[in-house]
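Student: Sequence:
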Amino acid sequence: MPHPLLTQGDIDAFQRDGVILVKGLFADHVETLRAGIARNMDAPGPYAAENLKSGEAGRFFDDYCNWTRIPEFETVLRESPAAAVAADLMGTQRVQMFHDHILVKEPGTSKATPWHQDGPYYFVDGQQNVSFWSPLDPVTEASLRCVAGSHKWAKPVLPTRWLAEESFYPNEDDYMPVPDPEAEGMEIREWAMEPGDAVAFNFGILHGARGNDSHQRRRAFSLRLVGDDARYVERPGPTSPPFPGHAMKPGQRLREDWFPVIFDRSDSPV
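So that you can map any letter, position 112 of the sequence shown is 112 in our numbering, and since no number is skipped, the others follow by simple counting.
The hints are simulated quantities; they were obtained by calculation from the structure and are not laboratory data.
Computed from a prediction, not measured in an experiment: that's the story for all the values here.
Backbone N, C-alpha and C fix where the C-beta goes; we use that ideal spot for every residue, glycine too.
The reader is advised that the hints may include incorrect statements.
[Claimed, not checked] Under the rule of at most 25 Å between Cα atoms (straight-line distance), these lysine to any residue pairs were calculated in the SDA-like manner:
#	residue 1	residue 2
1	23	8
2	53	162
3	23	64
4	111	216
[To be verified] Simulated DEER-style distance windows between Cβ atoms:
#	residue 1	residue 2	range
5	172	194	36 to 42 Å
6	186	42	37 to 43 Å
7	58	264	38 to 44 Å
8	69	256	17 to 23 Å
9	182	260	35 to 41 Å
10	91	68	26 to 32 Å
11	176	264	34 to 40 Å
Please take these sequences and the hints and turn them into a complete structure.
Tutor: Put into structure tokens, the structure is as follows:
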């Protein structure tokens, strides 16, 4: 039977469309995640970024790979139902942690999150993967937007540097140009969400987010997880996240001392 937060229809839709809404995934952990984001912003990690150019209004902060030093993030990783839900959505025996990510848009931040796929930035290959994007404030206009079915496109979308607006890697011909989903009439999924709800989407889903023109913050926590078929793959340049010194070889499973198994069906009671 699926996890109580899911139906079989949800699992089928995730496999078909690459994106669904999971109501209340982190509902019992909203205050913990808010505290973790506050701690993270007070002491940013080495990958923290401010994603606005000079003169752009507001503040758009993001940071990732902090779960080993932000205790609130590890608590949620270990105690929330996210890993069990991920196992059902991916159809996998085991779930490995990949990384965490926070994205904060302060009120009056009109800049949108650019359309992109996460997969091309990562050094992991495989179909069994899922990102959970969860707002810690009610969202309507600043919600995540995802193009249904884009994880099955024949060619990945060009990864770019958000501020410089240039290609992330030198091999641009291996990618399709970043599309304009609205102008091209693509099927965009978007939901009004309450704190603790989560959008679950495949690493290959094209997604972005509107700016935050509201009068309240938009804090979001993301968790990226992988399943049985995840393997290390080399890219033609440093990846994001880079994980320097990982020493993995192409085709290897992600090393479990860095990317721990957080759910295993064989450990679950029958």
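Student: Now tell me, hint by hint, if it's right for this structure.
Tutor: Hint check results:
1. 23 <-> 8: Satisfied, since the Cα-Cα distance of roughly 15 Å is no more than 25 Å.
2. 53 <-> 162: Judged against 25 Å, a Cα distance of about 10 Å means the pair holds.
3. 23 <-> 64: holds (24 Å)
4. 111 <-> 216: Holds. Residue 111 to residue 216 sits at ~15 Å (cutoff 25 Å).
5. 172 <-> 194: 36 to 42 Å: Because 40 Å falls inside the window, the suggested range holds.
6. 186 <-> 42: 37 to 43 Å: holds (39 Å)
7. 58 <-> 264: 38 to 44 Å: Since the Cβ atoms of residue 58 and residue 264 sit about 42 Å apart, the hinted range of 38 to 44 Å holds.
8. 69 <-> 256: 17 to 23 Å: For residue 256 against residue 69, whose Cβ atoms are near 19 Å apart, the range 17 to 23 Å holds.
9. 182 <-> 260: 35 to 41 Å: holds (39 Å)
10. 91 <-> 68: 26 to 32 Å: Since residue 91 and residue 68 have Cβ atoms about 28 Å apart, the given range 26 to 32 Å holds.
11. 176 <-> 264: 34 to 40 Å: holds (37 Å)
The structure meets every hint from the earlier list without exception.
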